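Colleague: Listed below, chain by chain, are the residues.
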Amino acid sequence: MIIQILSNLKEEGYLAKGRHPTVAPFFPCANVAFRRRALQEIGGFDPKCVTGEDCDISARLSAADWELYTRREAIVSHKNPSGFRHLFSKWYGYGRYHPYVFAKHNERAFEIYLRLLRPLDGERYICCFYKRSPLEVVVFLTRFLMLHVALFAMTVACLLGLTGASLVGLGLAAALAISYAWPDLRRWGLLLGSAYTAIRYVADLGVFIGAFIGGLQQKMLYLSATVD
Amino acid sequence: MAQGKDQAVSRDKALVQAAEEYPELRDRLKKIRSLRDYPFSSNPVSTEAILDTYLCLARQALAAKPGGPRFRRWLRIPALSLESLKIFLPGDALGKIHKAVAALAEVQRAVFVPRLSFDAVAVAGMDLPALAGATIDAFDLVLIGPRLPAVDKLRRFNAALDCYRPMVNPFFGDTELAVALRPTQGWTIKAPDQDPEFFACLRSAKPLDGRLEISGAVEVERPFLLVDHLEERARTLLALFRQPEAFRLPSRSFLSLFWEAGRAAWLVAQTGQPPIRVPVSSEQVLQALAALTPGAEPILSKIYHEYCCEVQRQSSEAVRYTQWIERYALRLEELLFPSGIGSPELPSQGRTELTISVMLITRNRAGLLRTALKSLSEQERPPDQVVVVDNASSDDTPAVVRAFADRLNLTLVREETIGIPFARNTALKHCIGDVVAVMDDDCVAAPQWLKELEIPFLKDPHIGAVGGSIIPLEGQRDLVARFYASRMSSPPGGERKSSP
Numbered sequence: 000m001i002i003q004i005l006s007n008l009k010e011e012g013y014l015a016k017g018r019h020p021t022v023a024p025f026f027p028c029a030n031v032a033f034r035r036r037a038l039q040e041i042g043g044f045d046p047k048c049v050t051g052e053d054c055d056i057s058a059r060l061s062a063a064d065w066e067l068y069t070r071r072e073a074i075v076s077h078k079n080p081s082g083f084r085h086l087f088s089k090w091y092g093y094g095r096y097h098p099y100v101f102a103k104h105n106e107r108a109f110e111i112y113l114r115l116l117r118p119l120d121g122e123r124y125i126c127c128f129y130k131r132s133p134l135e136v137v138v139f140l141t142r143f144l145m146l147h148v149a150l151f152a153m154t155v156a157c158l159l160g161l162t163g164a165s166l167v168g169l170g171l172a173a174a175l176a177i178s179y180a181w182p183d184l185r186r187w188g189l190l191l192g193s194a195y196t197a198i199r200y201v202a203d204l205g206v207f208i209g210a211f212i213g214g215l216q217q218k219m220l221y222l223s224a225t226v227d
Numbered sequence: 000m001a002q003g004k005d006q007a008v009s010r011d012k013a014l015v016q017a018a019e020e021y022p023e024l025r026d027r028l029k030k031i032r033s034l035r036d037y038p039f040s041s042n043p044v045s046t047e048a049i050l051d052t053y054l055c056l057a058r059q060a061l062a063a064k065p066g067g068p069r070f071r072r073w074l075r076i077p078a079l080s081l082e083s084l085k086i087f088l089p090g091d092a093l094g095k096i097h098k099a100v101a102a103l104a105e106v107q108r109a110v111f112v113p114r115l116s117f118d119a120v121a122v123a124g125m126d127l128p129a130l131a132g133a134t135i136d137a138f139d140l141v142l143i144g145p146r147l148p149a150v151d152k153l154r155r156f157n158a159a160l161d162c163y164r165p166m167v168n169p170f171f172g173d174t175e176l177a178v179a180l181r182p183t184q185g186w187t188i189k190a191p192d193q194d195p196e197f198f199a200c201l202r203s204a205k206p207l208d209g210r211l212e213i214s215g216a217v218e219v220e221r222p223f224l225l226v227d228h229l230e231e232r233a234r235t236l237l238a239l240f241r242q243p244e245a246f247r248l249p250s251r252s253f254l255s256l257f258w259e260a261g262r263a264a265w266l267v268a269q270t271g272q273p274p275i276r277v278p279v280s281s282e283q284v285l286q287a288l289a290a291l292t293p294g295a296e297p298i299l300s301k302i303y304h305e306y307c308c309e310v311q312r313q314s315s316e317a318v319r320y321t322q323w324i325e326r327y328a329l330r331l332e333e334l335l336f337p338s339g340i341g342s343p344e345l346p347s348q349g350r351t352e353l354t355i356s357v358m359l360i361t362r363n364r365a366g367l368l369r370t371a372l373k374s375l376s377e378q379e380r381p382p383d384q385v386v387v388v389d390n391a392s393s394d395d396t397p398a399v400v401r402a403f404a405d406r407l408n409l410t411l412v413r414e415e416t417i418g419i420p421f422a423r424n425t426a427l428k429h430c431i432g433d434v435v436a437v438m439d440d441d442c443v444a445a446p447q448w449l450k451e452l453e454i455p456f457l458k459d460p461h462i463g464a465v466g467g468s469i470i471p472l473e474g475q476r477d478l479v480a481r482f483y484a485s486r487m488s489s490p491p492g493g494e495r496k497s498s499p
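Line by line, the protein sequences are chains L and R.
Under numbering that gives the first Met the number 0, the first residue of the first sequence is numbered 0, with each subsequent residue one higher.
Under numbering that gives the first Met the number 0, the first residue of the second sequence is numbered 0, with each subsequent residue one higher.
Looking at chain L on its own, in the form it has when it is part of the complex (with noise of 0.2 Å):
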């Protein structure tokens, strides 16, 4: 699932109604207010979403025709996650219901979407056979997805010993993890920015394992989720 940031809810104003949850923007459950009518109205919220409840919810009263509003000064702090393992858990959490609110949701029968170029609101999945044959596919191309692809391909090059291909994967493997560092290197420096790096990979490492095994439960193959 690709998922909407706080940050970026920064403007005051009525939220744009998305059809998808995967690209809507919606409001974290850490800081919301529903109006009781309207929750009662939709019937609560979904005990399947044990994650991504509040996803869920903002796209079902969007359906509902429902306005969805953003009010910047409601503010409130909120507790970081602190250690590897509290992070790798808790985007594990995230990840594994991705795929049910995905499913969920998308009631599309056979579509495929490839943005190269990422629009604002990071729109970019290719989604295969997708309720329409016992093979369903969602593949997110995160830089972090096409990076152990490249690493995959060459390790297999390596093995069938492919000296050119493995090389080109090398290479290929190699800028794209630049690539995928690269925002934090620039903004943060090299040491900092590495670190944030490698925090930034547990928690898609999370994401993508989570995922991984709730796609499985929903009888897809359901790739990598997180914006990068």
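Warning: the hint list may mix true and false statements.
[Unchecked claim] Derived EDC-like pairs: lysine to aspartate or glutamate, alpha-carbon spacing no greater than 20 Å straight-line:
hint	chain 1	residue 1	chain 2	residue 2
1	L	Lys89	R	Glu377
2	L	Lys78	R	Glu377
3	R	Lys450	R	Glu352
4	R	Lys450	L	Glu72
5	L	Lys89	R	Asp477
6	R	Lys450	L	Asp64
7	R	Lys428	L	Glu40
8	L	Lys78	R	Asp441
[Claimed, not checked] Chain L regions said to be covered by chain R (calculated; three or more residues, Cβ under 8 Å):
hint	region
9	78–91
10	210–222
Hint data in this document are derived by calculation from the structure and do not stem from the laboratory.
These figures come from a predicted structure and were not determined experimentally.
Even glycine gets a Cβ: it sits at the ideal position worked out from N, Cα and C.
Mind docking chain R on chain L? Use the hints.
Modeller: Structure of chain R alone, referenced to chain L:
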């Protein structure tokens, strides 16, 4: 000349129609159209030809016969009070306008006339921004003199009055030109016989200050080309309060719309006993509505007070009355056009706030929960209820919660099924407020949190959820926490961080 058969006719079309109706003016009209076709041409365009032609058209229209007697209504317009002008004109504004008028030697009279436009709704349709505040508490300042002042003087005058637009809108011309110019301001060319009250107001003006005058009470007979024109107008305006778009208007426009709808409703309510009294300012509408719905006066007066604050750009609590206004408009609609469904209950006297329940889910985090509850007990707008769901904790969570029982209206529930959605649904069952605010147990709410969250709900009944900003808690030293913080404070449109 479009005589109101087709209210929404464009000016171009009206010119073509006029040319058919008055063949003797065909050449002049053709010239006007050619001038209008090149609005951005660099050649100076003489306005005289246009004014001259409109004047001719107005005279022709005056000579033409208006509709039959059964389409005419007697209107009584009360005198405009100086107070209604002062609502939106700051203290020194009248003096400034007076000075600006004095600088125009050619002007003999400058008359404040209420902007009564009975066609505004029909013409503007559902275009809310155009509608809101279109005619109530708005004035035309009609400048009358033997000839038009020089262009640069007019420009200076316009600049001086710019800050009072759109509430005060000046027109220029000699007595007849004033008649002629009036139609050019709207979307349609209106015949003067469609706006008789405008000309009647000009005649009955009382002196105010120097050359400034203000329109007095008048009685006019007005043709209504559609027999049920008034009813249609009231229906349209009252129905707007069922449209989500209306609630997106700024408070001031929303209130103006309310006064406008109230006036329309009042006009319909008294059609049985001519003459129809037409309120021209919001204060007069307030009195009319108080007479129409006894018992509503106290809240109407409060709304009027907030409206005045809003117009004068003082801090206003007008947004608190949105819900009341919505229900009141529906009630007026039911009163005038009974549908049999029954009018909605008005919120009880003076109750203009929503009740808020705060929902807190916690599991084995007694320490964090204490700070969260403490922040809730320090809210500027205290919560009406705090529902804490203890999701099968094994620590001293219940004791921590109970310690706050004297400061918060607490409901402590225990949910044995572990899982956020179960706990949230259990909490929802115990919430009694109109609004359910959701916060995590590892969060600390800013003192204005609930106050700020409440405002959008008051403003628009169609809002189902309001989200606020989440910032990192201060003083977190851990590297992972610092990473989070760095991502949360990234500039909008820049980097992003995902978080459910």
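Colleague: Any of the earlier hints contradicted here, and which numbers?
Modeller: Of the numbered hints, 1, 6, 10 do not hold.
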